[in-house]
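J.: Here is what each chain is made of, one letter per residue.
2 protein chains.
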Amino acid sequence: MRETLEENPFMTDEDLADQFSVSIQTIRLDRLELAIPELRERIKGVAKKQLDDVKALSPEEVIGEIIDLQLDERAISILDVRIEHVFARTGIARGHHLFAQANSLAVAIINDELALTQKATIRFTRQVQAGERVIAKASVKGTEKERTTVEVKSYVDKELVFSGEFIMFRTNERETKRRETE
Amino acid sequence: MRETLEENPFMTDEDLADQFSVSIQTIRLDRLELAIPELRERIKGVAKKQLDDVKALSPEEVIGEIIDLQLDERAISILDVRIEHVFARTGIARGHHLFAQANSLAVAIINDELALTQKATIRFTRQVQAGERVIAKASVKGTEKERTTVEVKSYVDKELVFSGEFIMFRTNERETKRRETE
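Those sequence lines, one after another, are chains A and B. Heads up: the first sequence is residues 1 to 182, going by my numbering. Heads up: the second sequence is residues 1001 to 1182, going by my numbering.
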């Protein structure tokens, strides 16, 4: 189990139970015995390492929790929708929170000191309720001069709840970086 | 001066000084004498009345302060950008705050109990710094079936800093309303 988790730290107890054809209870007991933390804690360990890579904003400025980050390639974050994120009357998550999660991920993915959103086209495709966990997946679609296009798709379970295309302006500070590493 | 302000409660002391060809100092003294509150306080009085009209969300859920609202026509809100709205490294306002101001105004303008953002195309046209005041102006461009298009333009002084087109989904609850007023 330790090896399996080293390869894929994001496996849930359920996934592990499936893989080893045992019950979830067995997996939990084995984890306790081997002192392997639960998924949430494992993710945090990975996330801490990933966050050190973020360049364009301070890690604590990211809305949601980054669990995967390959600069200028892809990034994933999770946001647990709580009561303070929803409209009082309807219990539906307010759009700007889903936007903030996606937008800050689009900033975090940029491998430059400065990244600013220039334009965004976004769609809210399914209502999100308090208690649901939104997983945002960002990927870089291309860079032309100082403009990088980042696509973000956010899911609850496997259902698409939000999608957006972000055009990010970035400063080309490669010169500065080169000097720093010399 | 009292008459002038009744017609247009949003005039600044500077506007009044211009209109009456006197110094700003004179206007201030006159205001004190006539017990006319300053612009900010006058706006709050108007805003309180306007807010009672908001239907699709609770007034305290609006990001920024609504100072004008004609349901299904136009709305204006102001947001004072503070240190908690900006990126620590650059001092530039984070996009999701400008988005939240515009989006909640697009919700507030809808004359229905339920208004949800379906799609938005937004542009950030100039960086905003802490200490600046953003004035967002929303106007309804049209309604087709249950979709209303709202255009929002946000300014600092007279410079456009943000623009967005929001496609809002609304429930047609006119039946319910009719019953309530009978």
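Calculated from the structure, these hints are not laboratory results. Backbone N, C-alpha and C fix where the C-beta goes; we use that ideal spot for every residue, glycine too. Just to be clear, a hint being listed does not mean it is correct.
What the hints assert, rightly or not - So the derived list for chain A, only partly shown, Cβ under 8 Å to chain B, looks like this:
{"hint": "1", "residue": "Thr26"}
{"hint": "2", "residue": "Ala88"}
{"hint": "3", "residue": "Arg89"}
{"hint": "4", "residue": "Ile122"}
Unchecked claim - Residues from chain A that keep clear of chain B, each with C-beta distances beyond 10 Å, as calculated:
{"hint": "5", "residue": "Leu57"}
{"hint": "6", "residue": "Glu61"}
{"hint": "7", "residue": "Ile63"}
{"hint": "8", "residue": "Asp80"}
{"hint": "9", "residue": "Thr90"}
{"hint": "10", "residue": "Ile92"}
{"hint": "11", "residue": "Asn103"}
{"hint": "12", "residue": "Lys119"}
J.: If a hint holds in the structure, say so; if it does not, say that too.
T.: Going through the hints against the structure:
| no. | hint | verdict |
| --- | --- | --- |
| 1 | Thr26 | violated, 44 Å |
| 2 | Ala88 | holds, 5 Å |
| 3 | Arg89 | holds, 7 Å |
| 4 | Ile122 | holds, 5 Å |
| 5 | Leu57 | violated, 6 Å |
| 6 | Glu61 | violated, 7 Å |
| 7 | Ile63 | violated, 7 Å |
| 8 | Asp80 | holds, 17 Å |
| 9 | Thr90 | violated, 7 Å |
| 10 | Ile92 | violated, 7 Å |
| 11 | Asn103 | violated, 5 Å |
| 12 | Lys119 | violated, 5 Å |
When each numbered hint is compared with the structure, violations occur for hints 1, 5, 6, 7, 9, 10, 11 and 12.
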